[in-house]
Amino acid sequence: MDSYIKDRKAEGDEWMPFTGLEESSSLPTGDIYVPLEEWLKSRESLLERNGRLGVALSNTDDPALIKDDLDRLDLVVLEFPKMADGRAFSQARLLRERYGFKGEIRATGDVLYDQLFYMQRCGINGFELRNDQDVSNSLKAFDEMTVTYQPASDEEFPIWRRED
Amino acid sequence: MYQYSEQDHQLLLERVAQFRGQVERRLKGDLSEEEFKHQRLRNGLYLQLHAYMLRVAIPYGLLSSDQMRTLAHIARKYDKGYGHFSTRQNIQYNWPKLEDVPDILDDLAKVEMHAIQTSGNCIRNTTSDPLAGVARDEVEDPRPYCELIRQWSTFHPEFNFLPRKFKIAVSGAIHDRAAVAVHDIGLRLIKNDGGETGFEVLVGGGLGRTPMIGKTIRSFLPKQDMLTYLEAILRVYNQLGRRDNLYKARIKILVHETGEEKFRELVEAEWEKIKTSGLFIRDEDFAWIKGFFKDPEYENLLDQDGNYENLLLSNLDFARWADKNIELHKQSGYRIVYLSLKTAHQPPGDVTADQMDAIADLADKYSLGQIRTTHRQNLVLSDVKLKDLPALWEELAALDLATPNYNHVTDIISCPGLDYCALATARSIPISQAITARFDDYDYVNDLGDVSINISGCINACGHHHVANIGILGVNKKGTEVYQLTLGGSAREDAAIGKIIGPAFEADEIVDAIDKVLSVYLENREDPEETFLTTYRRVGQPLFKERLYG
Ligand code: HEM
Ligand code: SF4
Chain A
1 MDSYIKDRKA
11 EGDEWMPFTG
21 LEESSSLPTG
31 DIYVPLEEWL
41 KSRESLLERN
51 GRLGVALSNT
61 DDPALIKDDL
71 DRLDLVVLEF
81 PKMADGRAFS
91 QARLLRERYG
101 FKGEIRATGD
111 VLYDQLFYMQ
121 RCGINGFELR
131 NDQDVSNSLK
141 AFDEMTVTYQ
151 PASDEEFPIW
161 RRED
Chain B
165 MYQYSEQDHQ
175 LLLERVAQFR
185 GQVERRLKGD
195 LSEEEFKHQR
205 LRNGLYLQLH
215 AYMLRVAIPY
225 GLLSSDQMRT
235 LAHIARKYDK
245 GYGHFSTRQN
255 IQYNWPKLED
265 VPDILDDLAK
275 VEMHAIQTSG
285 NCIRNTTSDP
295 LAGVARDEVE
305 DPRPYCELIR
315 QWSTFHPEFN
325 FLPRKFKIAV
335 SGAIHDRAAV
345 AVHDIGLRLI
355 KNDGGETGFE
365 VLVGGGLGRT
375 PMIGKTIRSF
385 LPKQDMLTYL
395 EAILRVYNQL
405 GRRDNLYKAR
415 IKILVHETGE
425 EKFRELVEAE
435 WEKIKTSGLF
445 IRDEDFAWIK
455 GFFKDPEYEN
465 LLDQDGNYEN
475 LLLSNLDFAR
485 WADKNIELHK
495 QSGYRIVYLS
505 LKTAHQPPGD
515 VTADQMDAIA
525 DLADKYSLGQ
535 IRTTHRQNLV
545 LSDVKLKDLP
555 ALWEELAALD
565 LATPNYNHVT
575 DIISCPGLDY
585 CALATARSIP
595 ISQAITARFD
605 DYDYVNDLGD
615 VSINISGCIN
625 ACGHHHVANI
635 GILGVNKKGT
645 EVYQLTLGGS
655 AREDAAIGKI
665 IGPAFEADEI
675 VDAIDKVLSV
685 YLENREDPEE
695 TFLTTYRRVG
705 QPLFKERLYG
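The listed protein sequences correspond, in order, to chains A and B. Going by the working numbering, the first residue of the first sequence is number 1, and it counts up by one from there. Going by the working numbering, the first residue of the second sequence is number 165, and it counts up by one from there.
Just so you know, the hints here were simulated from the structure itself, not pulled from any lab data. Think of the CB as a built atom: it goes at the ideal place given N, C-alpha and C, for glycine as much as any other residue.
Computed beta-carbon distance windows for the label pairs: (1) Asp-271(B) x Lys-140(A): 19 to 27 Å; (2) Gly-245(B) x Gly-12(A): 54 to 62 Å; (3) Arg-8(A) x Ser-196(B): 23 to 31 Å.
Only chain B is shown next, with the shape it has when bound in the complex (with noise of 0.2 Å):
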């Protein structure tokens, strides 16, 4: 992974230090809290319901055992011991004090961490695959280019104060595995004819109130052209885009109100005009970077092993974790192991100080000493020897993190919602537990398949309910909180935003419609292979809405 340079450490002190003086000014009332509100915000710091949340950046869901210790470290000092993995790869903490979060930057800068632009209206942390540099289906790794988003993202001097906030993610695989398309941009690494790396690029696409999928405004960019092209983007964002009304700030309202085709001509009008300028990525630029991110020695493995495939007849709890939680890796030998951040235990995507240390634990053990972080919330050891996953797994399931359900029903996306969120209509954690505790039968999850549920507690849509196949929305009315069910959505490389399907249903009975919902797509898909997704996607809304309110 990318190694920190001097300058690069020098540049996290210095934040540190110029955000202590910040806090400082603050509780000596030299800053107005309207003020301060703009500084921290840059900051990853929210005031919440209870207490302020802090929110630090994972560049592209990347992870060393180190970090990861420091990160239990952080929850257990400064926090009540556990920490909240986002759909967007950081990880929250919801309970540290103003006056403690300098010294939390201070440990997190020893490890190469922070919590810069995690928050505001700049250019977030940018996210990708967190299958990047292992997975078949690759085009060519993102990392290095996410890397290279990242240096010129941070403090860019132009970008800091924009219309709203922006977030970039980039895919390097035929499946999309970082929900590009609902990106404030989106990269697509593809290659042309002539065998040449670029980018299809997207613009516009986002959740929020007003949910759109990001349009396509350059079926091809070169890969030199990368920074030049994004650089004149937010440019013409940053000039153009709406400041009267901040639900009409984002770059997708742009795209729509000025039309893609005129918006494309902007954008391609402006980058004319720099794209020769420093920003143009040279060969040599790419060997640096990419020097980083390299293949492990990986040994020279059989893709079989005795040992795990007598586990897979004799133990069933071992051969549903296999077959839910596992991927096939590039390498021959190796596999990689999805950490399942969904039980009935604990809120969707939230881990304990001891999880987490015990995590960076078994990455030493078993996988090159990395973690990743994945949109779904969930965690990933990329790099498992095949003959080492029964012990593995031994492990994971002793602390709670083997639930066979990637992608599965119960592997959902919540936001925190009413129990933590200032901004909540409704709460979300308590019903993504209730789904969990309903469907706890295996053979009905493994039956129902590949299917995706996320819950937000409010039009915001944190936890993306936009963008699933069963997308449920808190919303309150007249004093009660009701949930709103959407279906449809796509994350994916199909990307589709989900239809609402009627009035919505009160807590107690959002469950049973869930299960109704599950039913129809059971009776009606052609065959056990067909996921709900493509069975909605044929017999439409009708049967479904029948079954709800008929």
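Okay, chain A solo, but in the shape it has when bound (with noise of 0.2 Å):
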């Protein structure tokens, strides 16, 4: 996939996402992603595979729920079902700030230009753009600005509580 952007560059992803192992004969290979559901029905027949293992939240799931399992994901993926609506904003600064998440949080859904140096600041670091976007022009967008007032992801303290 080539409009997919980790930690600030161009990658090519090597994560699938799976759904339905109840119903399948074999357990999946490679890196995998499962919805919220499975991963709570089927967390010991997942872990037994070889492969890296991600869970993806909507964003209405409270990420507490997942948050003693953190240390044996290493992807959890975001919904932004509209750009306007920015509830994973706050599910990405819980479990990389409260829960101490430190694998990729991925983006996914109207994954837009403007949003990038937001969502960066909020702990994301893995973006799945959509389709129209340009990969290397958005790039440019995690630059924009470079001054910040308030603590998040990327800052503990707020400006006036920092030492330059």
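With the hints as a guide, dock the two chains, each given alone in a separate frame, to form the complex.
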């Protein structure tokens, strides 16, 4: 997939979405991510595999539901169904700051140029851009602003408490 | 006032460059109108009936004279020579061209101004008491707190795509001049029994089609916890606020549907987890921010002046103005002066570029170079020496800024209505002017005393009609503009939503209806000290109804 950015670089995407473990005869191989429901249902069998694992949250899921699993996960996928729907910004900060998740937090859905800066500040480091977005141009979005006022996943303190 | 650091300047420059890029992408067609809308709205740019409208932020209503001159320059160069001061202490321009907007922002940035978050579903400009720092009834100056909120909320990465717009107001005095009870969050500075400063926190106030008074979810929040608590409220709202229906997306609906008690629990639980985070405000942080809002070097003056007192006796016009538009100052020998933007000649809140320049000069000459904007769409010179009042009055009168009507019947709040607004269902400016023309007799206005009339041109209630003593809402009924009357509202510390009195009036009947309402008050008040609102609350609707419809 071309329209994918990881840690501010255009990357190929190795992850595959997966559902329906109960119906399938064998465990899927490779790096897969599953919806939260699937994870809660089949956690143990999924963990028996060799590949890396991720969980996809819908933007109404409470990230606390996976907080104890985070050290076994390499990816959490968040959704931005519409540009205007900013719920996942809060989920991202909770995952990074409160629950200390170290893996990839990925934005999917209406992931557009003008949100990338905010997403990055909330701890999102994987971006599945919407199809019509230009990847190399989008990389510029991260540096449009260099001054930030408030704490977020990238800064512990507000601007007035930072030592330069 | 707050002075920008190098980083503050840097942020504005980057923001202007970013917006310039967005406009270019839009003009080239790389950005759809729908996607551009989200961007321009975060920068105060609305598409209106005839043109774009640009809303420029005036943080907590405080302007330097140089900033005012820049506002004049923008009105002259990019607009039709005037600007409109809004109920949230901002200024709006009605005629800018899209391609000019980046240049306007450049000019604003030079004087530390911008249009960031003046619209869109994000945290808007924080508003406050126009008498902050000079009022006699002040508990503590709210401006340092407002500035911290401004910085915390500017480009907050988590809260830039909220369910709906989010408005915060802070009051630091006994009397509420900032309408905090009708904001998404209202903060009231208070002292507890131990003499410590903190806030009463109100959440879920708002107007629009479902007007509500904010609920007190915490009666005392220590001041150090202000930002962590705000962050907790916003986080709960961002996650749980409704996004399925535009009209149910404000936090007032969330508080209402969740229940006050449950909502409070959610906020407190979230706050527990972040109250010691980096947003905790330390003593040294307060010391730093309060340093920007120190009292000026006031002169030691007697609270009397022979010239002033003589003119009060010899010049009736001056005496009237002094009676209505001047307020006592905390400092002896100084006064607070209201500049009335309510005349028969201009829409409420409108100021011409020439007036703006002149006001800037007057501020330099008489009032330490600062101007404040008020919730009721007027301006304030906050630090005028008693002995300068006669000279100031003469200059203000020559500028048509000395109508003696502050907080009186012709001090009307009005939204732009159908003359400008794409959402309007009726005109509001002509109604306010008709009322102003009718009540042009000073003695009658004086006799009516403290009373507020607010007008909105549609149910969105930008004109705050719900919280006026006498509210007027313009609606369209089968092709004609008619006007609904609400009585008994208040935006002050006794905040209340007014009640509709009965069927609507035609445009040519509404002024007579107001006249009747006012006569009922005059006939029924216990004494001239009893205000319209007190009388109304005492006697109730029936007498008014009878006179209007009987
Ligand atoms: C002309 C362009 C304008 C448009 C399109 C517009 C649009 C709106 C809308 C849609 C609402 C309702 C929001 C809601 O209930 O969620 C609203 C509320 C409001 N507007 Fe405006 N408005 C305009 C001008 C103004 C002006 C000139 C002022 C100030 C004089 C103003 C101040 C307000 C205030 C104070 C509210 C009430 C906020 C609340 O519900 O708590 N607006 N506006
Ligand atoms: S109240 Fe209605 S008519 Fe008036 S400015 Fe607001 S949206 Fe426009």
